[in-house]
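Student: Make the full structure from the sequences, and use the hints.
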Amino acid sequence: MTATLAPIVARDRQNGWGPLDPTYLPPNVVLTVSETIGPVAQLARSGTVVASNNTSAHATVLLSFLNTENGALEEEYVCAIKVKRWSKVFDQDLVAVDSIYQVALRTEQALSTCYARRALLELLSNDSATVLTLMGGPAPFIQMVKLVVGASFAGSNNQIKPVQEAIVRILNDHPTLSSLLVDECISHFVRSTHIAREGNVSQLVPPPPLQYESLHPYYPKSDYVVHVAVPQHTPLPVRVVFDKRSSLLNQATLSFYSDVDCKHLLAVFAGPTKHPFADTWINVRSFWFKFVGNDESDGATTAYGFRFKVQVLPSMSWANELDVLHHPSLDYACWLLEFLLSDPLLPLLVPCQMALVYDALVQYLQSPRAPHKHKVIHLLLQLVVVAQTKAPNRTTIDVSPLQRMGDLAIAKAQADIAKGRPFVSTHLLKLVELAVVVVSSSRWFQHHDMPYIAPIAPPLAVPTEATSLLLIIAETMQLAHVLLNASTQRLSQELVVLIWLDMYGASATLEHTTAASDTLTFHGAHSLRLCFDPRFDQRAAVHVEVGTSSSSSTGLVEFVPVEVLSDVMDVVGDVLRYTFTPSTAQPTMSVTVTAVGMSLERQLARCSVRGIEAMAAQMVEWTPAMDAQLVDWVNFHVESLGEGVHAELLPPDIRLHPTLDGLRCSLLLHLPWSESREDREVEPSSSECFFAQAFRQLNAVDSKSLRRKIDSKGRLFSVKFRGEEGVDWGGVYREGTNSMVDDLFSTHFNLFLLCPNGQHNTGLNRGMYVPNSKCTSPVAIQMFEFVGKLLGISLRTKGDFPFAFCPLVWKVLLRQPVDAADLEGTDALVVQMLTGIRHCDQDGITTDGQFQSAFADLDLRFTTFDSNGHLAELVPGGGQKRVTFANRVDYCDKVEQYRVHEFDVQVTAMLRGLSTLFPVRVLTLLNWQEMEMLSCGTPKIDIALWKQHTRYDGYTDQDDTVRLFWEVMASFSDEQRSDFVRFAWGRSRLPRGKWPQPFKLTKKAGRDSVLSLPVAHTCFFSVELPPYTTKERMHDMLLATINFGLGGILIA
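Everything in the sequence shown is counted per full-length UniProt numbering, starting at 1 for the first residue and increasing by one.
Calculated directly from the structure, the hints in this document are not laboratory data. Since this is a predicted model, take the numbers as computed values, not measurements. There may be inaccurate statements among the hints.
[As the list claims (entries may be wrong)] With beta-carbon atoms standing in for the labels, derived distance ranges: (1) D904 to V779: 12 to 22 angstroms; (2) K709 to V779: 24 to 34 angstroms; (3) D904 to K720: 51 to 61 angstroms.
Quick reminder that beta carbons are idealized off the backbone N, C-alpha and C, glycines included.
Tutor: Structural data, given as structure tokens:
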């Protein structure tokens, strides 16, 4: 039972608890003895009120309790402060006895619905004719499918798969049902669109909007916070709609926060702006807005201020079975369409049905107030590609609305980038992606029956310049597809001609290995640029002449010899004549000729169908060798041009897919640990992650070397990252050791596992790990010993390595007694199950028959699942031994003992490694919390303490940039602050006790420094901070630093 408890006496801030009102508690009211106020999972002792006593110093209540052992009623006086009343059961407020009846009635209805849903699932397993006959035809069948599918949106998805299999089977036997499903899908999209546009639906009236406004014009010294709350059952998100007259002056801000302390920002509006404030969505039911005037004008200039309404849209999701039958659901429509577009059902769809669904999706996307548009964009992407490429008959759809949306999205993204924002919103990127796919499909995919390159036929028209950036992106995407998979992608004639013009239109490459001579003419060029390959050392063997073509009838050209003086030369003329006479046995001539000033029409005149076909024959699939050439080319130009070449290249501008591009990058950059991570290499013995590499290099080192004192740079040993340059003055060491420990608690390495609470997202310690009990190989045991050595290094050197062990692991490591409470901190679900089994007699179960009936679904035997999800026997033959009412306690004891000691072997190995560096007897003086604190430090980043140990270079503590820095740091979560500390220092925790060195904030110089990200010097706990002038800019750049700076990219 989940109940909410409230006190029966009021609390006075000055005098403590107030007196008990004798009229407040009538007799026979049920109260609970508890120290807790608020929601509780299980009620403690409860009894009915007999009388109350308010004459003593502390008011008391006489309660009547039922003794469960002898059935007698016992009365006892309890301090009123320790007694709590029930204010709510589940989500039902308790105001009278009828409230209990309502909870019971709703529970009965829910159970009945659950049993009915199970019956429907069993029915769907029959043959299609039987199912349709029993359900009364196709239409009732569709309604029953909605009831089963609708439940999965609010709970488990394990019912979806059998429903999908049943629908596929029935549709194969009765293809006409597909039209009903399509009609159902379109109906839900259309009705959802109507709700989004009109704000209501038949028989459902939304609550009136809440309205808030400032004075008009607003008071320039305003500074206040207002709480906004919508009803508890309001569907999310809610929409904040601004009056079009809303406007603010300089320095005035209107900010929305999710907490009363105004630390977690949701949205912010500042003035002045050229456009009205945009409506925004708020994804919480209770929030605060803060208005700050900050205007220092003389009052001559005024602004309207703000006015907005908080609008609640009727839900487009199902809350109960009545909603399923009478109201639309966007979730159901999206699920149904995605199901219809799957391979088993796609052949059943006809083009006209796809066009109708497409129109419904576009109408929803064009609705200005429609929420959850990202779902619709995702479906449109699938639908456009399917309609043009996979459908049996290609579907003609009107893509012009999506192209207009794409143009608007690109214009908005360009405007954001022009304003200096480092990130483009996800929604804009999705819209651009959709528009690009639409353009690509409409231009190329309709020619899917053509060869790799469309046939080239004269006359060759001059390619037109792209009318929008959208077309340029589409062409780039098409070229990328061809490079990645040349056998299945095709290019249009226009693109092929463009490629030819870029390669050969105004240039020619002269490569010969034998004697050769030729004459090249570039009509219309005013000069020629000759580029000799630096490796070509036989330039004396080349005789070059240049001349200008004549317009006379004779056509004679007067040539002038050219003396080769450098690698790059510019000569006047448009005709080149050369003769190559090699003087060595292995000659190689390599010269590039580029015509300067040649018009596009003149270049196209040199083009021929045969030349384009010859070029197409040379176009092959992109290979790793080309990758290597590209990396060499980039490195050459970056190194030759110096640091200035990447001044504008920020990490947010780089987008790499972690899976698709991981192997390629690791191959090119020679980073085996990266390759292991992206391959999801989890076997410890074959991994190449940081920890595995450190284990192979340090495990064999004599423990005496690891017990020595750290050097003046704070290092126990030196660390060097392969592929990165840098001198280890302590920062690289800290980054390396923290990376070793981070690898232990990651998905690419299975020496430790996320605890069951984390796997099930319930209970405490959801982000903590336990040893993998299946890792018992000799190499794995040695690795656990090395983990113990790392733990000892962290203890001895105050390294604060980020170990993420569950409390149970720390207690086992310290050899302290463990019990069911410790198991609950690791696996709350199994403890809850064992408690129900152990104390089932308190629920009236007294016989074995009742026990077997109550726990029939569990099929209890003397087995249990470990943290790895594997079934283990508690006794020999436990898989055949059933749990009965008589042996249930023994079963619970054995499960608890197995689970709290399942990884004793691994923890013992860790203790062996720890004992080589640290005296184990000393650890017996500590409890597990103290052990964790000494080993890992505190994860909380204290801003005040950080400020006390900060020094400034180029700044003072009163500068605006410094003030903005600390304000943004205060707004970050502890996890984000830890990431920034790690960026600056190589560790994710602040130093404990006496700081070895203060944190240094240095002003980053340079004309365009405000456009760059901060740079860290981890060896000296120092950060070069550009002089950002706004809080928004500071927030975005620090966030970019956290997200992209870790791992050595921005670390000096």
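Student: Against the structure shown, which of the earlier numbered hints fail to hold, in ascending order?
Tutor: 3
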